[in-house]
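Q: Listed here are the chains, written in short residue letters.
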Amino acid sequence: MAEQKTNKEQRYDRQLRLWGDHGQEALENAHICLINCCATGTEILKNLILPGIGAFTIVDGHKVNGEDVGNNFFLSSDSIGKNRAQAATEFLQELNSDVSGNFVEESPEKLLENDPEFFHRFALVIGVQLPESVCLRLGAELWNARVPFLVCRTYGLVGYMRLVVKEHTVVESHPDNALEDLRLDQPFTELKNHFASYNLDNMEKRDHSHTPWIIVVAKYLEKWYNEHDVQLPKNYKEKEAFRQLIRGGIRTNESGAPEEEENFDEAIKNVNTALNATKISSAVEDIFNSEQCENITSQTPVFWLMVRGVRDFVRNEGNGLLPLRGKIPDMIADSDKFINLQNVYREKALQDAAVVSKHIQTHLQNVGKPPECVSENDIRLFCKNAAFLRVVRCRSLAEEFSTDTFYKDTITSSMDNPDSEMVLYLMLRSVDRFYQQHSRYPGVYNYQVEEDISKLKVCVNSLLQELGLSVSVKDDYIHEFCRYGAAEPHTVAAFLGGAAAQEAIKIITHQFVPFNNTFIYNAMAQTSATFQL
Amino acid sequence: MAEGEEPMLVDGTTGDWPGRWDHVKKFLERAGPFTHPDFEPSTESLQFLLDVCKILVIGAGGLGCELLKDLALSGFRHIHIVDMDTIDVSNLNRQFLFRPKDVGRPKAEVAADFINRRIPGCRVIPHFKKIQDLDETFYRQFHIVVCGLDSVVARRWINGMLLSLLVYEDSVLDTSSVIPLIDGGTEGFKGNARVILPGMTACIDCTLELYPPQINFPMCTIASMPRLPEHCIEYVRILQWPKDKPFGDGVALDGDDPRHIQWVFHKSLERAAQFNITGVTYRLTQGVVKRIIPAVASTNAVIAAACTTEVFKIASSAYSGLNNYLVFNDVDGLYTYTFEAERKENCSACSQIPQDLHFSPSTKLQDVLNYLTDSASLQIKSPAITTTLDGKNKTLYLQTVASIEERTRPNLSKSLQELGLVNGQELAVADVTTPQTLLFKLIFTS
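These protein sequences, in sequence, are chains A and B.
For the record, in the first sequence the residue sitting at position 477 is 477 according to our numbering, with numbers rising by one throughout.
Each number in our numbering corresponds to the 1-based position in the second sequence with 533 added.
Chain A on its own, in the form it takes in the complex (with noise of 0.2 Å):
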């Protein structure tokens, strides 16, 4: 047994790095669901296989052909006549086999007849290659079950995704660049008093040059509050005119030249960050303002519960300040001089975590919870990244497709420029509407090429006018569907197939930020955009 766990360790180390053990367990109890294993779908697959999701099972009723079998991975030659679906998993279930690995030999149509509630199971739906009107039912099935939606297509050299998750929830974004949260602008006591603790003048030459920066411009600060109506620096002049405060500070040596205090220049260099103003960003706010903040029940997640905490300290103990995140960065310093600052935040920070505790046990209490529901590490790792909570939304597939409330503005301001990748999106829209006329896509075949460019074209149209959009669509991208033929390309597909997987990973583990709600790639220019419709 301890065997087989060191292993998963060394197995899964380069990807623990990135989402830490709590994120690789949550992926391990995860049973994800894909809808036709084509090259699309198998790629995706493998991308969660590998890192080691929990169990996945394919639905799909195709039986294997030829061209199945030239663009996917996962089928060989001996597959063709038979069940893609079993096929495939024999194939993807040889990568990992920690991973479970079930198949339902069925079309999507089938299961939503006879039992829509087959899909409720699944932490995670993946639907590859529908058709628009089994995506828009199998879409409602899943958002009244919310059950998370990832719809993925790839149609020639164009790749799309379409999140569909009603409210999805995110304490650790990991973002890339953050700033710090020193509060140099507004020392709580116990910082204020470790900085009374020195005196920069007094020290020794070994000590001054190893004094923290955020002490440093702490000093420094005081001195410029005396002379400015204790106002931080605001702009350029002023913030110039106190670096050079702090560079007349640098000792110098007996011939008058400055001695080598590199803490001093990383003080001045950080002049620029380390005084804005401590404040809580407006995203945050608006979470702080929704509903589910507001009204806490006894089916209140435990994700609210804990903003619900947050706000109460926000608005009461932090006086308008989040609780302190209690990081300091690295910095030139004496090993004492650092970890006793260090532990100053650190210390505070589980002050401040404590009191959001209190805040969120009145609340389990007035709705007859007991305490264990909330545990005091998540509320720590709440507290942490309080400043870069997210929470994402996606509008439904009957939202984004009504002619009622789809998004018109987004689509004709991005169609301002007519080779934006929102021409694509059009295009996808049209050819399912192809589809739906004719049984079939544009182009399979080379002989129809030519004559489907202006069936198409119509198709292009009627979707236009439907929609009221006064925009033009190319001529250029009508031929070029036609000519796609509705392939699927195995390097458009591995392209989707790590882009979505990732998506997946996202939302099973609640780390890092999704993106909201269609992507569209172009492999033609290799670029990309990412439309909220």
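Please note that the accuracy of each hint is not assured.
[As the list claims (entries may be wrong)] If you want the footprint, here are the derived chain A segments under chain B, 3+ residues with CB under 8 Å:
{"no.": "1", "stretch": "14-26"}
{"no.": "2", "stretch": "45-54"}
{"no.": "3", "stretch": "171-179"}
{"no.": "4", "stretch": "497-507"}
[To be verified] Once the Cα atoms are required to be at most 25 Å apart in a straight line, the calculated DSS-like pairs of lysine-lysine come out as:
{"no.": "5", "chain 1": "B", "residue 1": "Lys823", "chain 2": "A", "residue 2": "Lys8"}
{"no.": "6", "chain 1": "B", "residue 1": "Lys974", "chain 2": "A", "residue 2": "Lys8"}
{"no.": "7", "chain 1": "B", "residue 1": "Lys974", "chain 2": "B", "residue 2": "Lys897"}
FYI, nobody ran anything at the bench for these hints, they're computed from the structure.
Positions of the beta carbon are idealized from the N, C-alpha and C atoms, including for glycine.
Take the given structure of chain A and dock chain B to it, following the hints.
A: Showing chain B alone in chain A's frame:
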């Protein structure tokens, strides 16, 4: 035969079946409004891909496995793959051609074997070697080279190799000697793919600033004032290991040996305790010692796919290629950015212009060496400098051969003048980052 039906292909050697290449053929046999100006729809293009086109894949890791699959399923059948590594358990979360039973075996060989068995007709030939172990005649045979490397040094080397194959007639580039280089790189959720036409578009060295050298912690921090758990680990790795020699004299720290990592882990905990530093874990220890870069299957899948799309475009002229650099990041939504990296006029690798070095004659050779290694645009790893003095080839300094290093070491503390160098002296610099020597011209300043 009914209209629209494909003819049955009966071919024992290639094992083709009806419809096999249908997805690919649509891009080769049909005209279209966005094709490359040189494109001609034809049924022969597929034959070119299947039977003639030769692709070299460098690296059989996260990107390499994906590249092989993508190429094979796009119609490429003559593929060579080079990788000097063997398979490790930690590869298995993304290098999908390998299984637990393959651990320890050469990546190139296992990868080639898997593809050849899964994709009938595909012939991947493995080379369990360093790229530097193969020569001009090897590289010259390929139509396109695709890289899935994890090292800037290796990238620069292959870049230099392809540049060295360029043929110029009267200073005019013979474009038939150009072998396109498609280069992919990934790190966590970030990746990039670029297209390089050696001698024509920006090369790796033109944009060396995009690969800033790794910053190590300052020695004084590590030695006497650690603040982070990482500092404690580096202390044990750099200072304590050579002193304690825990596994014997001359036994170097092997990041892949769990016993070594355990030892470093425990000593790091001790060091951290001395300074009240928390946060040393086994995982962190291994990460710091091995300079581990996090990796997942999804990013590799995306970048390899983008690279292979470009290989296909170039091989088939189906579309204009990426021009010429794609950046990808899916931390927050999905973000791509495409731009044209520009050639550097005086690029040390591809401009064919000897670089000027400005130094006073009293400068010590050591300082010239430091300049070569520290310069952001040169980033030479261990320069070996030779020049012609009195009509004879003389090595001024060379690090990589112990006996020569010892013999030439005194030169480092001599001035350029003392070494007999004159204004305008041509210096030839060899390095692991390039198969060609770089030429520099010494310009004396007062």
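Q: With reference to the structure, classify each hint as holding or not holding.
A: Right, here's what the structure says about each hint:
Counting residues of the stretch 14-26 of chain A whose C-beta sits closer than 8 Å to any C-beta of chain B gives 5, which meets the bar of three, so the coverage hint holds. Counting residues of the stretch 45-54 of chain A whose CB lies closer than 8 Å to any CB of chain B gives 5, which reaches the minimum of 3, so the coverage claim holds. Proximity of the stretch 171-179 of chain A to chain B, defined as three or more residues with a beta carbon under 8 Å from a beta carbon of that chain, is established by the 4 residues found. Counting residues of the stretch 497-507 of chain A whose beta carbon lies closer than 8 Å to any beta carbon of chain B gives 7, which meets the minimum of three for the stated coverage.
Annotation: proposed proximity of Lys823(B) to Lys8(A) holds, straight-line Cα distance about 19 Å (limit 25 Å). The hinted pair formed by Lys974(B) and Lys8(A) fails the criterion: a straight-line CA distance of about 55 Å is larger than 25 Å. A hinted pair counts as satisfied when its Cα atoms are at most 25 Å apart, and Lys974(B) with Lys897(B) qualifies at roughly 16 Å.
Going through the hint list in order, the structure does not satisfy hint 6, though it satisfies all others.
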